[in-house]
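Student: Okay, here's what each chain looks like letter by letter:
Number of protein chains: 2
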Amino acid sequence: MSEFSLIYTHFKHATTRHPSTVLGIGDDCAISHIPPNSQLVSCVDTLVAGRHFVHETDSHAIAYKAVAVNLSDLASMGATPYAILVGLSLPKAMANDGFCKAFAHGLADACTPFGVELIGGDTTGSPVLTISVTALGFVPSNQAITRQGACVGDVVCVSGTVGLASLALHGILDDLNGDGHANRPPDSLPHDLRQAMQYPAPQVALGGRLIGFASSMIDISDGLGQDLGHILRASGVGVVIDLDAIPSHALLDALPHAQKWQHQINGGDDYQLCFTMPSAKLDLFKIQNPDMPIYPIGQIVADKGLVFLHNKKEVDLLVKGWEHF
Amino acid sequence: MSEFSLIYTHFKHATTRHPSTVLGIGDDCAISHIPPNSQLVSCVDTLVAGRHFVHETDSHAIAYKAVAVNLSDLASMGATPYAILVGLSLPKAMANDGFCKAFAHGLADACTPFGVELIGGDTTGSPVLTISVTALGFVPSNQAITRQGACVGDVVCVSGTVGLASLALHGILDDLNGDGHANRPPDSLPHDLRQAMQYPAPQVALGGRLIGFASSMIDISDGLGQDLGHILRASGVGVVIDLDAIPSHALLDALPHAQKWQHQINGGDDYQLCFTMPSAKLDLFKIQNPDMPIYPIGQIVADKGLVFLHNKKEVDLLVKGWEHF
Numbered sequence: 001m002s003e004f005s006l007i008y009t010h011f012k013h014a015t016t017r018h019p020s021t022v023l024g025i026g027d028d029c030a031i032s033h034i035p036p037n038s039q040l041v042s043c044v045d046t047l048v049a050g051r052h053f054v055h056e057t058d059s060h061a062i063a064y065k066a067v068a069v070n071l072s073d074l075a076s077m078g079a080t081p082y083a084i085l086v087g088l089s090l091p092k093a094m095a096n097d098g099f100c101k102a103f104a105h106g107l108a109d110a111c112t113p114f115g116v117e118l119i120g121g122d123t124t125g126s127p128v129l130t131i132s133v134t135a136l137g138f139v140p141s142n143q144a145i146t147r148q149g150a151c152v153g154d155v156v157c158v159s160g161t162v163g164l165a166s167l168a169l170h171g172i173l174d175d176l177n178g179d180g181h182a183n184r185p186p187d188s189l190p191h192d193l194r195q196a197m198q199y200p201a202p203q204v205a206l207g208g209r210l211i212g213f214a215s216s217m218i219d220i221s222d223g224l225g226q227d228l229g230h231i232l233r234a235s236g237v238g239v240v241i242d243l244d245a246i247p248s249h250a251l252l253d254a255l256p257h258a259q260k261w262q263h264q265i266n267g268g269d270d271y272q273l274c275f276t277m278p279s280a281k282l283d284l285f286k287i288q289n290p291d292m293p294i295y296p297i298g299q300i301v302a303d304k305g306l307v308f309l310h311n312k313k314e315v316d317l318l319v320k321g322w323e324h325f
Numbered sequence: 001m002s003e004f005s006l007i008y009t010h011f012k013h014a015t016t017r018h019p020s021t022v023l024g025i026g027d028d029c030a031i032s033h034i035p036p037n038s039q040l041v042s043c044v045d046t047l048v049a050g051r052h053f054v055h056e057t058d059s060h061a062i063a064y065k066a067v068a069v070n071l072s073d074l075a076s077m078g079a080t081p082y083a084i085l086v087g088l089s090l091p092k093a094m095a096n097d098g099f100c101k102a103f104a105h106g107l108a109d110a111c112t113p114f115g116v117e118l119i120g121g122d123t124t125g126s127p128v129l130t131i132s133v134t135a136l137g138f139v140p141s142n143q144a145i146t147r148q149g150a151c152v153g154d155v156v157c158v159s160g161t162v163g164l165a166s167l168a169l170h171g172i173l174d175d176l177n178g179d180g181h182a183n184r185p186p187d188s189l190p191h192d193l194r195q196a197m198q199y200p201a202p203q204v205a206l207g208g209r210l211i212g213f214a215s216s217m218i219d220i221s222d223g224l225g226q227d228l229g230h231i232l233r234a235s236g237v238g239v240v241i242d243l244d245a246i247p248s249h250a251l252l253d254a255l256p257h258a259q260k261w262q263h264q265i266n267g268g269d270d271y272q273l274c275f276t277m278p279s280a281k282l283d284l285f286k287i288q289n290p291d292m293p294i295y296p297i298g299q300i301v302a303d304k305g306l307v308f309l310h311n312k313k314e315v316d317l318l319v320k321g322w323e324h325f
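As you go down the protein sequences, you meet chains Z and P in turn. The first sequence maps to residues 1 to 325 in our numbering. The second sequence maps to residues 1 to 325 in our numbering.
These are calculated hints, taken from the structure and not from any lab test. One should not assume that every hint holds.
Heads up, the list lumps identical chains together, so a pair's fine if it works in one copy or across two of them.
Said to hold, decoys possible - Here are the simulated lysine-lysine pairs, DSS-like style, with alpha carbons at most 30 Å apart:
1. Lys101 - Lys320
2. Lys304 - Lys92
3. Lys281 - Lys92
4. Lys320 - Lys92
5. Lys92 - Lys286
6. Lys312 - Lys92
7. Lys286 - Lys101
8. Lys101 - Lys312
9. Lys281 - Lys312
10. Lys92 - Lys313
11. Lys101 - Lys313
12. Lys101 - Lys304
13. Lys304 - Lys286
14. Lys281 - Lys101
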């Protein structure tokens with residue numbers, strides 16, 4: 001908890017207080033009350049400057065995304081986020097009021113919409129800006145949605161457009177394996193691309209509603225193909241995806257098919273949910289939740305592997321990471 | 001949870017399974033069952049190469065300490081540790097089997113004695129080795145021991161020797177503000193010094209036993225003076241410390257008084273517990289827990305501030321960090 005005051009000074013006025021917090025920041029540890037009939041859900045994700053975001057990213061966006069990617073992991077289990085703990089390693093040049101204020105506001109802007117409280121933090125000096133966020137949430141006991149459970153015949157759905165974050169990254173980097181510096185500032189990107197890359201919206205409300213409906217779920221961080229692959233492997237099944245059914249965007253539609261599909265299937269960093277559901281449940285879910293974004297894009301099949309269709313004909317696509325399975 | 005397999009491959013055979021774990025590593029999040037009448041206790045601490053350990057430290061010791069300092073934070077609340085989540089940022093040169101195997105064994109050697117399970121992890125590339133550990137534990141509801149609660153007349157105790165870790169660090173570094181490289185390898189240190197610096201033992205058993213006895217508690221990470229100062233500030237009291245009563249070591253006793261006291265009061269990195277207790281309770285505790293290390297070193301007084309005695313006469317010592325209060 002040491003030396004976090006620089007961030008917390010700016011954050012404490014903005015942060016939510018969650019009724020589960022018995023003791024927040026300020027002692028050696030935080031203490032939390034777990035609601036009855038709930039289980040604790042936890043995850044950690046680390047973002048490193050020049051690897052997970054270009055060095056030119058402003059600190060508000062960095063902090064926002066570090067939280068958002070973790071809330072997305074909780075959402076993918078159907079969990080309701082409750083709190084975060086932040087380990088921040090900060091170069092000396094950034095240990096100033098301006099950086100920390102914007103960073104704290106970024107944390108707050110990611111937490112506040114979901115009632116998430118900052119309950120723990122540690123700031124240290126480092127040559128490289130590194131943010132490690134642990135997120136905690138609750139799920140009704142024994143009802144979490146895992147990667148295992150997709151059944152033959154289930155419909156495969158996503159919660160929204162995939163591929164935009166990847167298109168954005170390609171828009172500011174000439175060489176993805178370069179030094180982590182952008183060739184063009186993120187601000188120069190069209191609004192939708194910048195939002196997709198820097199301010200992904202964790203699908204927390206949808207994730208929670210899918211309890212009792214979805215048979216398996218994951219969030220799309222490494223790319224739709226690779227992440228759906230995790231479901232397939234855990235569930236022992238395969239999939240047929242209709243490329244034409246994947247929610248798209250005018251900027252993706254303007255590209256040649258092969259490029260568009262690369263962004264959609266192998267792009268990553270979208271933080272949409274990908275889940276499976278029996279078709280009868282899908283109909284019921286839509287009736288009960290007309291406000292929830294849900295896009296069927298394919299079907300679970302017995303033959304293992306990923307098959308892609310365009311105009312109802314099979315298309316050969318290389319799925320990043322699939323060779324590992 | 002992505003890309004943690006390099007570590008987990010080596011760790012999964014060594015790690016404890018905790019009965020509270022419903023779902024461990026391998027999905028987007030872990031799921032945990034919280035025991036009845038318990039509260040969740042959580043903390044995060046980040047270690048950066050060259051800042052929190054010299055670059056010459058072997059990966060077993062790095063991993064061990066990253067866990068131990070967090071278990072020490074849990075112990076200082078009286079909590080029983082249950083699980084850790086690890087965010088590891090790793091330079092390319094270290095992403096090899098040798099480093100990861102030793103690192104995993106270091107994690108295991110810190111976790112196993114306390115039945116702690118690794119339930120979440122994330123490994124990323126980075127120019128600088130950085131380890132962020134989140135530790136989770138349980139405490140009987142509303143019985144955690146905080147920094148607030150020290151009363152005038154309470155005895156101040158520590159759980160063991162302080163100052164050795166600081167002496168060790170000075171033994172291998174000529175310049176504490178240097179580049180984080182040791183002038184002499186840690187292996188060249190006398191055994192007790194190396195142990196104190198690299199393998200501190202979190203006082204988990206004692207912390208738990210102190211529930212119902214200690215009126216306040218903290219673990220000594222920044223130095224006895226500064227950490228005890230947190231208790232004083234939170235409790236609105238002062239203290240008189242008998243320097244001669246602080247548990248020492250032959251290597252500390254061999255130093256001139258002023259140097260020895262510097263290590264003991266301002267040294268830090270000891271991870272002993274410092275706590276306060278009414279004297280009647282102290283007598284009872286000793287009778288009921290003859291096996292527990294507990295050393296009275298002073299008394300809480302109404303006059304705010306830190307007073308140090310040697311041969312019953314006041315000694316003027318500058319306490320690091322105290323000027324901030």
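Student: Which earlier hints turn out false for this structure, listed by number in ascending order?
Tutor: Of the numbered hints, 2, 3, 5, 6, 7, 8, 10, 11, 12 and 14 do not hold.
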